[in-house]
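**Student:** Following the hints, complete the assembly by docking chain L onto the known chain A.
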Amino acid sequence: MQAIEAAFGLVFQGHVLLVIGLAAAFGLFVGAIPGLTATMAIALLVPVTFFMDPITAVGAMISCSAMAIFAGDIPGTLLRIPGTPASAAYTSEAYAMTRKGEGEIALGANLFFSALGGLFGTAVLIIGAPMLAEVALKFSSFEYFWLALLGLTCAVFIGSGSATKGLVSLFLGLLIATVGLNNPAGVPRFTFGSVDLMGGVDFIPAMIGLFAVSEVLRVMVHGTAGWSAPQAAVGNLFTGWGRMFVKYWPQQLRGNVMGTAIGALPGAGADIAAWVSYATSRKFSKTPEKFGTGHVEGIIESTSANNAALAGAWVPALVFGIPGDSITAVVIGVLYIKGLNPGPTIFINNPQMIYAVFIIFILANVAMIPLGWAAIKAAKQILRVPRNLLMPAILAFCIVGAFATNNAAYGVVLMLGFGVLGFIMEENDIPIAPCILGIVLGPMLEENFVTSMIKSEGSFLAFFERPIAAACGIATLAIWFAPPLIRLVRRARSAPAAA
Amino acid sequence: MRVNDAIIGAALVGLGAATTYAARAFPAIPGQQYGASVFPTVVAVFLAGCGLKLVFDGVRRRRVAEPPQPGETRGDWCRSGRAWFNLAACLALVAGYVLFAPVLGFLLAMAAVVTGCCLLLDAKPWVALVVGVATAVVIHQAFTLLLRVPLPRGVLLPF
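Note that the protein sequences, when read in sequence, are chains A and L.
All residue numbers for the first sequence refer to my numbering, where the first residue is 811 and numbers rise by one.
All residue numbers for the second sequence refer to my numbering, where the first residue is 288 and numbers rise by one.
With the rest of the complex left out, here is chain A (with noise of 0.2 Å):
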């Protein structure tokens, strides 16, 4: 009771909900602009945090997180570009909505189903995440390893796309996650001589790199011809709420279990909750034919899905230390900086802060309903912000970030060679949250895995000798082989058939 009170004493202040206010405006803004991705608005909020206590820093990463992930509906029914990549799956949907001249009900339901699913994902979250704790307690580095390697497996063979592209993208991520003194022998690797190396490659330039200043390098090269301002007026937002909520309430509840779910798996995020959950609402639906012609009941279903998806990515973020999607990556890796050590114990040692997360998931899905109301009345000037103005301005946020990390020009070089990198990688459709869950994992793994060949000298069957190991081994296995072996299944079986 005593923690709770303190977290309420932590929260609110006047600075800390200043700030979050603050970064909630940001979030809006990023998310409602194409092409600017929730992961990148957290990118370049990053450098700002570093200079905040602990709670701000966090309260700052989930209220923007969350008002881009909605933000991303409004661009997507307005203009039919989806604002992020958790929108894209209903965004033709609801931009046929608008079509029809029901834009206010298709972005009323985003913003109403939106603050709905990330409140059920945060009481999933409270819920949850100190039960699985004390599971976590008793995990050793068998379980962990696994744990990791789980999580990196579900990044690539859940994405979309080419898993070997999203392998590529993985072990790109683990190769730079060796370099420097930071391994089990405290050897340097990879450093080329070079003293800045030494300490490992800096999470933060090469997240501002491969996220922000590819996008830069992108409209660089593509140029601003895109969207044209909308035309559609917005009428009032709250229309059909109730009957939405009373009509929907399965397809509701469906999208906000499938989003936790697939948030709190390691590794898949936001944007396959959304595509996952668009995909079961038609395929459930009685009115499937309806599917694509402007019908709430998807966009219902997904957009809850999305937001619910980001509050599950929590759990095994703070419980495991493994990031949910690339948002909790970056977030891993800020609560190291503050010496926060994401991982069971923290719910022991911490549970101030603990409870300061969940009561400031609380607050920023309230706030969303205001705060996006806002938003989508404003939408008409946010993506009246001319293009070739902003990226030159967030390109000069890159650098300051990057060289705020550690006040020195290395940040700002490593920032550049990674996003030339990003840059490179999406251009050949080679996903980039593998990598930067390389990137965060690979420490993980590569300590987990030494320490579990030295206790169990040498033996592979080690990691499978404990029940939970045991679980999470052939669970990733399992991913990993039964693809192939449906495939070989299905061609012996149509090769009788086509003799």
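What the hints contain is simulated information worked out from the structure, not anything from laboratory work.
By construction, the Cβ of each residue, glycine as well, lies at the ideal position given by its N, Cα and C atoms.
One or more of the hints may lead you astray.
What the hints assert, rightly or not - Here are the simulated EDC-like pairs of lysine to aspartate or glutamate, each with C-alpha atoms no more than 20 Å apart in a straight line:
id, chain 1, residue 1, chain 2, residue 2
1, L, K340, A, D1239
2, A, K910, A, E1099
3, L, K340, A, E1237
4, A, K1148, A, D863
5, A, K1057, A, E1099
6, L, K340, A, E1236
7, A, K948, A, D1239
8, A, K948, A, E1237
9, A, K1265, A, E1275
Claimed, not checked - Far from chain A by the CB rule (all over 10 Å, computed), these chain L residues:
id, residue
10, R347
11, W413
12, V442
Unchecked claim - Among the chain L residues that face chain A by a calculated CB cut under 8 Å, a handful are:
id, residue
13, I295
14, Y308
15, G322
16, K340
17, V342
18, W364
19, A370
20, L374
21, L378
22, A382
23, I426
24, F430
25, L434
26, V436
**Tutor:** What follows is chain L alone, placed relative to chain A:
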């Protein structure tokens, strides 16, 4: 800059091989079988494996000469000299910032970078200049006064 998968694959195989070679020199933890070289070697081998797969896919796709995928139209900018110029100029501006910020100071160097980038994106010169100076001043004030980051002051030291 969409290149054939085979080229990326070949580069990855090269990177994997170089990493494996370099990792052989890492000492083991005394008295243990598993040292600093294990993890990079495993990662490098897998990376090279993925590279081989990409080479294989890329060569096969070339032979079949598939029509370009819908997503592949993005590669068009490669033939545009302007696009290459923009890319090179933007990278050069940031590199120039790294080199000259200690001398010129943050304000001048950053204003130059932002103004330059705006011009690359066809902003009107006076707008570019205003945005460049304003961005530099706002960021400078925020980061030095609020966050106390020691941004380089350079030739503007007296101010």
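**Student:** Each hint should be assessed against the structure and marked as holding or not.
**Tutor:** Against the structure, the hints come out as follows:
| no. | hint | verdict |
| --- | --- | --- |
| 1 | L:K340 <-> A:D1239 | holds (15 Å) |
| 2 | A:K910 <-> A:E1099 | holds (17 Å) |
| 3 | L:K340 <-> A:E1237 | holds (19 Å) |
| 4 | A:K1148 <-> A:D863 | holds (8 Å) |
| 5 | A:K1057 <-> A:E1099 | holds (18 Å) |
| 6 | L:K340 <-> A:E1236 | holds (19 Å) |
| 7 | A:K948 <-> A:D1239 | violated (40 Å) |
| 8 | A:K948 <-> A:E1237 | violated (44 Å) |
| 9 | A:K1265 <-> A:E1275 | holds (13 Å) |
| 10 | R347 | holds (13 Å) |
| 11 | W413 | holds (12 Å) |
| 12 | V442 | holds (17 Å) |
| 13 | I295 | holds (6 Å) |
| 14 | Y308 | violated (12 Å) |
| 15 | G322 | holds (5 Å) |
| 16 | K340 | holds (5 Å) |
| 17 | V342 | violated (11 Å) |
| 18 | W364 | holds (5 Å) |
| 19 | A370 | holds (5 Å) |
| 20 | L374 | holds (5 Å) |
| 21 | L378 | holds (7 Å) |
| 22 | A382 | holds (7 Å) |
| 23 | I426 | holds (5 Å) |
| 24 | F430 | holds (6 Å) |
| 25 | L434 | holds (4 Å) |
| 26 | V436 | holds (5 Å) |
This entry does not satisfy hints 7, 8, 14 and 17, going by the numbered hints stated previously.
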